[in-house]
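Protein sequences appear in the order of chains A and B. With our numbering applied, the first sequence covers 51 to 501. With our numbering applied, the second sequence covers 93 to 588.
Everything labelled a hint here was simulated from the structure, so no lab data went into it. One or more of the hints may lead you astray.
Stated by the list, open to error - When the alpha-carbon atoms are kept at most 35 Å apart in a straight line, the in silico DSBU-like pairs for lysine-lysine are as follows:
#1 A:K343 / B:K396
#2 A:K356 / A:K307
#3 A:K307 / B:K254
#4 A:K339 / B:K129
#5 A:K207 / B:K317
#6 B:K575 / A:K91
#7 A:K70 / B:K455
#8 B:K299 / A:K376
#9 B:K396 / A:K453
To be verified - Between beta-carbon pairs, the in silico distance windows are:
#10 B:E383 / A:K70: 42 to 50 Å
#11 A:A253 / B:K400: 33 to 41 Å
#12 A:E472 / B:V384: 35 to 43 Å
#13 A:E456 / B:G398: 21 to 29 Å
#14 A:K339 / B:Q467: 35 to 43 Å
#15 A:E78 / B:P466: 15 to 23 Å
#16 B:N97 / A:Y469: 50 to 58 Å
#17 B:L483 / A:K70: 44 to 52 Å
#18 B:L145 / A:K420: 23 to 31 Å
#19 B:S120 / A:G458: 46 to 54 Å
This structure is a prediction, so every number in the text was calculated from the model and none was measured. Quick reminder that beta carbons are idealized off the backbone N, C-alpha and C, glycines included.
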Amino acid sequence: MTNTYRYLPDTKQDQEEMLKFLNISSVEELFEDIPSEIRLKGELDIPNADSEPVLLKKMSQLAARNKNANDYPTFLGAGTYDHYIPSVVDHMISRSEFYTAYTPYQPEISQGELQAIFEFQTMVCELTGMDAANSSMYDGFTSLAEAASLAVASAKKRSKVLVSNGVHPESRAVLQTVARGQEYTVEEVSLSSDVTDLDQLKAQIAEDTAAVIVQYPNFFGSVEDLAEIKQIAEEKGALLIVSSNPLALALLQSPGKLGADIVIGDMQPLGIPMSFGGPHCGYFAVKQKFIRKIPGRIVGQTQDEKGKRGFVLTLQAREQHIRRDKASSNICSNQALNALASSICMTALGKQGIREMAMQNIEKADYMAKVLQRKGFIVMNKSAFFNEFVVELPRPVKEVNSKLLEAGFIGGYDLGIDYGYENQMLIAVTEQRSKEEIDQFAVALEAVVNG
Amino acid sequence: MAEYNHLIFEVSRPGRVGYSLPKSDVESVNLEDKFPKHLIRDEAAGLPEVAELDLVRHYTALSNKNHGIDNGFYPLGSCTMKYNPKVNEVVARLAGFSRIHPYQPTETVQGALELMYNLQEELAVITGMDAVTLQPSAGAQGEWTGLMMVRAYHEQKGETRKKVLVPDSAHGTNPASASVAGYKTVTIPSNENGLVDLEELKKHVDKDTAALMLTNPNTLGLFEKEITEIAAVVHEAGGLLYYDGANSNAILGKTTPGDMGFDVVHLNLHKTFTGPHGGGGPGSGPVGVKEVLLPYLPVPRVEKDGDKFLLNSNYPLSIGRVKGYYGNFGINVRAYSYIRTMGPVGLREVSEGAVLHANYLRKRLDPYFESPYPQICKHEFVLSGSRQKKLGVRTLDMAKRLLDFGYHPPTIYFPLNVEECLMIEPTETESKETMDAFADVMIQIAKEVEENPGVVLDAPHTTIIGRLDEVQAARQPIVRYIKEKEEEQVKDGVKA
C-alpha cells in the first residue's frame, strides 16, 4: 500500500507492524486462499484515480450536460414532481449521525433514527387515515407491488388482483414482474375517459379477486371516486389498495376514511429531490388487521427497565432475517434517509403549510388548464384533477417538447408512450411555477402548435 | 441542555410555521366547486406545527442520540461500514444531478446517462460480468432481480426448475428473495471448516436446481476455495450460480465473481462503494450478468450509440421492470464518484487493507474468545461467545457493554451456524490505533466476564436509555403517536 489515498489510513509502518504481528511478510499471503487460476493477473481495467479537484471538475461538467429545473421551468410530473423543499431538510439530513448510521439494530445508540421513523410512521398514518405504516419501501412502484402480494397472501383462494389503467404505467409494470415471480394474476381494468371504468370493474371483479388497485389522484391527475370503488370491492370481499400522492392527501379525503385497506405511494413530493427518478421513498400504510403482515421495518414504542420511553424495531418475526424463506417480503435496506427527509419536510410545512402548498397546486393547475382552454386547447379530463391534467395537441408531443425546450421549458409527459394516446400531453403544474412562467409556457405552446 | 425527550408532536403549538411559500399569484379555487364533497378532506392531517428553529433543535437533538460512522468505530459485520466520503455528497447534490426529472427527453440528460453507462461498464469490469443493470434499489432487490432472470432463462429453455440452493451461512435475504421469485429454498449445511460441503452439495444438485446462491467470501469471512468445483457441479446439472456481492469489499482487484464461475451478481453500492447507509437506506443493488442472461436484463437499459446515450426498452425477453425509473440514481452518482477517486490501484488497496485489518484484529482477539474458524479470513471474521456463555454472559450482554465505550457492536447472532456469534468487519478505512483501542476494550470485557460479570450483564451504563422491553413492543404494538387529550384538539380551533 502506498498511502496516497485519503480514505486509506495505513502507513508503511502501520502495515509492517500488522504484518509482523501476523507473522507474514506481505499482504499477498492473506490472499493465498484464492486459487491462482481465478486471480486477476493485472489491475482492473478502469480509469485511473482522480484527485478531488479534478473529480469535482469532471463531475460538474457531467452535471452541466443535464438541463435542470433551476434553469428550465418544468411541467413534467407523471409521478415525480418539482416541489418546494425547505432548506432545513437537506441541512438536517446532512447531519452525519443520521446518514452514516445503518439500520438501528442497537436501540440504545439509535434512538434518534428510531424516533424519527416513529414520527414518520405517524405522519404517514395522519395523511392516509390509516392505523399503521412501516419505515419506508424502495419507491411507490415497488410499494404497490408489495401491497398486491400482501393482499394475495392474506386471502384464501384469491389469486387475482385488478389494477386500474389509471395507475402509473411503471407501477403496473413492476407489479407484472412481481406477480410473475409469486404466481398470481394481474388483470387491468380499462378507463372510462380519465377515470377507472366502474362498469368494467364490476364485470371483472369476482370471488377470486384479492384486491382492487387504484391511484388517487390517478395518472392523469383525476380524482377517482374511492367511495364507489370501495363498495364494488367490498361486495366481492376484495381489498381496496390505493396508491396516493401524499401531498394531494392534504386536501383530499383520506383513503382510510373512504375504506382503503392498504394505502401506498411515494413521499417524493414532500422533501425529496427528483434526482433523475431516485432515490425516492415508498410508503406503506395499513389498517390495524394487517399490522403483522406489513413488509419491511416497523418501529414501535416501548420502555426501558426504568420505565423511560424508548423506541425499537418491532414485529421482526415478519422479516427476512428471522423468517428467511417464510418471510412475507425480502426487503432489507429501505429508504430511511429519504423517509427522514420527508418527515422533516412535513414538519416544516406542518398542518397549515401542507394544505397551502396542496391548494396552490390545485389553483395553478386549474389556472393553466383555463389559460390553455382560452387559447383553444382541449383539456381531456372530465373529472376534477389535482396538479396535472391532459391536453390534446395537434402535433406529436415529442416534436412539441423539443420546440418548448428551445423556448426554455421542459414540457409535459407524452401519453403516446404508454397509452397510445397520440398527441396527448400530461401537464403538471406545481406551486413552484409562477403565474408568469405558466403564461409564458402557454404562449410558447400556442406558438409551437401553430408554428 | 437537559436531556431532550419529546416527540415532534409534543413540541407542536397551533399557529407556528416552519415554511415560506409565496402568496398564490393565480385565481383562487373553491374546493367545493371543484371536487365532490365526500372526496374533500374533513379533518386536517395532524402534522406538527413548529417554527424553523424548533424543528432544527428537534432533529439536532435526535441526531445527538444516534451513532454513525462519523461518531466512531462501527464494525458491523457484513454491512461494510466504511467511511462515507464527503465529496460524494457534494457531487450528488449538484443541480444537474438532483434537479433533473426522469422523463426529460434523453437529449437533455446526456450527462446523467453517460455517468450511468460508465458506471455499468466499470462495475462489469469489477465483477467480471458482461453487462450490468443499475435498476435494483438494494441488495435484496438485486437478488430477486437476478433470480427472476435465472427463472426466465430456464423457462426460455422450456424448463421449470423449482429449487434454489442456499448455504446455511447465507444472508436471510437469499432464501426470502428465492421465495418471492417463486422458488423453494434448499439449505446446504457448511462443513467443519465453515465452507460449502461439496459432497453435501452434490447430493442436492439435480435437474430441478435453478441456481445456487453464494456469498464469497462467505458470511464467516472465509473464501470458498473450491468455488470452481462448486460452479462445475451446478453448471453440469444445468443450474446457474448467483453471487451475493455483500462481501465484495474483500476481492476488489484480486479476483472477480465472473472468474469464479458465477453467472449473475449483485453488488451493494452502499457497502463496498461507500453509498451512505442512511439509517437503513437508500442503497443501490446493481446486477451484473454473463452473456447467457443478457436477454433477460430489466428494461430500460442505458446504451451508447456513437457519442449519444439512450434508454432502450426494446428487449422482448426482458423480465420487465423491477423498480420505477432507472434505480437509485443519487446513490449511483456517489458510487461513481468513489470509483473515480480510487481507480484500479486504489480499489485493490481497499480490499488489501480490509483483509489485513480483519486478520490483524482477529489475531488480537483470538486468545480471548472462541475462534470457530481460525484460518486466514478475508474482510471480516466471526468469533463465538461460547466461552463467556459458560460463565453466564451472553454475546448480547457483551455487545451492550461495548456501547459504554462508544463503539457500535459487531453483528451478533449471525450467521446462524455459529453459537453466540460475533461477526466483525473493521473495514480498510479505520486506522490501526482505532482497531487497537477496540481490541483493548474487547479484551477488557472478556476479563470482566471472568472477574466482574455483573458489569457486563447490566450494561449499558452510559447510554441515554437502558435495554428496552422488546417483548412489550411486539405484544402490544404502538407504532404511531396518538394525541392523548381529545378536548385540547377541539379547543385548538380545528378539529384535528
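query: Which hints from the list above does the structure break, by number from lowest to highest?
result: 1, 2, 3, 5, 6, 11, 14, 17, 18 and 19
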